[in-house]
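Listed in order, the protein sequences are those of chains W and Y. Letter by letter, the first sequence follows residues 1 to 249 of the working numbering. Letter by letter, the second sequence follows residues 1001 to 1296 of the working numbering.
Label pairs and their in silico Cβ distance ranges:
1) E186(W) - G1228(Y): 24 to 30 Å
2) K6(W) - K1225(Y): 42 to 48 Å
3) P172(W) - D1084(Y): 37 to 43 Å
4) A1259(Y) - A141(W): 40 to 46 Å
5) R1277(Y) - E185(W): 16 to 22 Å
6) A1042(Y) - E159(W): 42 to 48 Å
7) E54(W) - R1277(Y): 44 to 50 Å
8) R1252(Y) - K31(W): 30 to 36 Å
9) T1093(Y) - T157(W): 38 to 44 Å
When the alpha-carbon atoms are kept at most 25 Å apart in a straight line, the in silico SDA-like pairs for lysine to any residue are as follows:
10) K1072(Y) - W27(W)
11) K111(W) - C1041(Y)
12) K1250(Y) - R12(W)
13) K1104(Y) - S128(W)
Here chain W is said to cover these stretches of chain Y; the calculated rule only asks that three of the stretch's residues, wherever they fall, bring their Cβ under 8 Å from a Cβ of chain W:
14) 1059-1072
15) 1098-1112
16) 1132-1143
17) 1165-1175
18) 1185-1196
19) 1244-1257
20) 1260-1269
Since the hints were made in silico from the structure, they are not lab data. We put the beta carbon where it would ideally sit given N, CA and C, even for glycine.
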Amino acid sequence: MKKLPKATIIRRPAHEIKALALWLNEWRIEKLLQDEDPKSEQGIKEFRLLYSAEPARAGQIRLLHPFSDETSARPRYIAVLREAGDGTWLVAPFGRFAAPAVPGEWKTGRKAPALRVLCIWNAREMPSSVLARSWVVDRMAPNGIAQALSILSLLSTREELPPALLRRTGPPLLHPLDPRHDYIEEERDWFSALSTRPAQGAPLKSPYAVHDRGIRSLPLAAEKGEEYRISKRRPGKSRPDGRNPGNDK
Amino acid sequence: MAEAGQGQEQDSLAVETAATEIHRGLPVPSTESWREWKNRCAVALCDAPVQNELRDFAAVHFALYLRRYSFKASASDGQPVRFDGDPWHLFETHLAVRNTRQGKKYKEWLFSRLPGVEQGDREALAGGAALLMRDVAREHLRQEYAQSNTISLNALLCGGDEAGISLEDLLPGAIDPCDEVALREFEQLAADEARELFGKMGQREKVAFLAKDLGISLAHAEIEKAAGCRKSVLSTSYQAAILNAAEGLKERYSAEDPASVRALILMTLQEIRNCARNWARSSAELETLFSAAEAS
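For reference, chain Y alone in the conformation it holds in the complex:
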C-alpha cells in the first residue's frame, strides 16, 4: 500500500510538471484572431496563422482540463487521460446548436462579454473560451470514461468509507403497496424509529431537518439564527445526522434483508422531517420559519 501511495504521488508530480511546461508557452490569441474566426464562421476558413493560434489555445486548455481531471481523480480511478484528436474541432462541434450562423450564437455570447478595451478584450475572450472549453472537456470525459456499466450498486458515492451512501441507498426498493399490512407495519416502525432518533438530536440537527422539510435554504438568516450556527456547520451537522441515523438502523437490523433495511431507512428519514415540522409547530420561536418558507 505504501508503495502504491508513493507511486500515486509521483504521478501527481508528473502531472504538475507537465502542466508547468505547457504553462510556459501559454498561447493567448489576439482579439483580431478571434474576430476573424467569428466573421469567417469556422477556423478552417481563417488564415493559417490565426488557425494555428486558435488551435494552440484549444489544445493547451483542453490538455489542461484533462490533466486537472486526471490529477484530481487519480485517487479514485487513476485512469490516464489522453486525447490525440483536434480539440478545436471538439470546441466548434460541441458548442454549435445548429450548423448555421443562427446556431452559432455562442460566438455572440463570447464577444458580448468584452469590456471594450484592448487588453481587457483579449483576457475576456480567453477567459470565456476557457469556460467553454471546460464544458467540451467534460463532454469528452463523459464519453470516454462513462462509468454506467462499471459502477457498483454498493460502491460508496459520498459520506466517507464507514457510513457512506451508495447507489442502492439513493434508489432503494419500496415496500409493495399491495402488501398493505406490511406497509402499515413499516410505516409504524419508521415513525417509532424517527421519534427516537429525533429526540436525541440537538437544536442544529432539528432545525436543519425543519429547513429541508420547509424547502428553506440552510443559509437563510432565520434558519441560521434558529440553529445558532452558520450554514456550513449546519450542513455538516445535517449530513452527519442522516449518516448516523442510517448507520444506526443498519446495525440494529443487521440480520435482516438489506433491501428491507434500506426501505426502512428512507421511510424513517422522511418521518424525521415530519417530527421536525411538529416540533416547530409547538414552538412560538420557530413559528416565523413557516412564514419564511411561504415567502421564499
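With the rest of the complex left out, here is chain W:
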C-alpha cells in the first residue's frame, strides 16, 4: 500500500456543493422527462418568417423564431450584450434551468423561469440577419449588461470572479465525468449551429413538427393514432435540446 505526502486539503465551499446538487437534480429530472422528440414526416415545408423587425440594440432580450431545429425544440431566449462590428452582435443565450451550471453561468435575479440564468460562457457573435429572426420580449438594465460583460472578460482571461459574483454563478467544472460536460456540449452545439445560419432571405425549411410524444411515451398496441400523429421513422438518440443527432454536421 502506497503512502501519500502529508498535505492540507482545502475543501470546496458548501455553497458550491449545494449549487452543484441543485443543478444535478434539475439535469436528472430533465433526462427522466425527455422523449426522443421525433420530427413529423410531413413537417418539412417552406414558410414565411413572421417576427417583429425591431432593430437590434444592446440590452434587448429576444425570443428566437422557430426557424430551425435548434429554435423549434424549445423557446430560446437570448440577451444582446453589445455590437460586435461588421453587422454582428455579441449575444448570450439564457439557460433552461434555475441553477447555474458552471462559473460562466450567471443568476440574473429575474423571476421569469426562462430568464433566470444567462449562459455567458456560450456568448458569441451573431449576424444581424439571424438576430432579426426573433421577437423582442424584454430588456436588461445597463448594470446587468455590464455585469455580464465583466464576467465574460474574467472568463476569457481565466481570472477568478469577485466574491460578490461567485454566489451568483455556478460551481467549477473539474472532473472529466461530470454530467455538465454533456450539457455544455449540447448547449454549445445548438448555439454555434444557429449563429452560423445563412443570411436572411435564404430559403428555409420549417421543422415545425419537432415535438414530444407526450402521452405516447407509454404506447399500447390497441391504440389508434388518429389525431396526434407522430413520425413512423425510427427516432435518433434523445438530446435535451430536441435535436436529432443524425442531422448534425
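The hints should help you fit chain Y onto chain W, whose structure is shown.
This is chain Y only, laid out in the frame that chain W set:
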C-alpha cells in the same frame, strides 16, 4: 428484496395502466381554440368550451409527464408524484417572461411552428404545447422534489455501483497552494501515476483523452479514424478508463485520507491528458488532430 422488487414492478404496471386510461380520452384542442386563447391573452378570458379544452389538454399532458417521471425514477427514489392544482395556470405563468403581450411572445413562437394546413396545424400546436408543458413539469418537479438538502456527498451519481462518481468526486478539495512542498510532491506523484496509467492504455483510450484535451468531439471523423471505432464505443472506453484509473488509485492509497486521494485522482486525470498530448506530438499520424482542433 425480492418482495420489494415485485412491488416496484406492480407500481410500474399501475402507472402504465393509468396512462392507458388517460390516453383513451386524449384531448387535442382545435386550432380555433388555440387561436382564441392567443387573441384573448389568457385562458380565463376564453369561452367556457375553449377553457375546458385547453385545461383538459394541459391536465392530461402534465399528468403524463409526472407519470413518466415517476415511472422512470421509481428505481431511484420511488416517490409518488401528485398534483392537485391547475396545470394550465402553471403553463401560462411559467412561460410568460412578463405579464404583457410582449412578454408572452412564446405564443408567437408556438404559432410560428404551424405548417399552414388544418390537420398539420392542430398537430403542430399540440406537439409544441406538449414540449412547453415538459418544461413546466420539470420546473414543478424541481420545486417539489429538490434534493439539495438530502443528496449525500458520497452518494453515487453515475458510473455504476462499484466504481461510481459521487458529488465529492466532482468537487474534490485541493492541496493548499501555500503548502508548496506538498503541492510539488502531489504534482510529481500525479505525473508518475499518469505516466504509468497512460502506458497501459490502448489506442482508443489514448485518442479519447487526446480529443478531450484538444476540445474535439469524439464524433469527429479524424478522431474516430485515429481510434478505429465509433463515438459511442470511444465514449464508453473513455469513461471506463477514468473509472478504472480512479478506482485503482483509491485501492492503492486506501489507507490514506480520502480527501487527499480524491485530490490526487483529479490531478492524475489532468496529467493523463498531458501525456496524451505529448504522445500525439511524437506521432506524425496524429499531428492532423492538432489542426482539426484549431479548425473546430
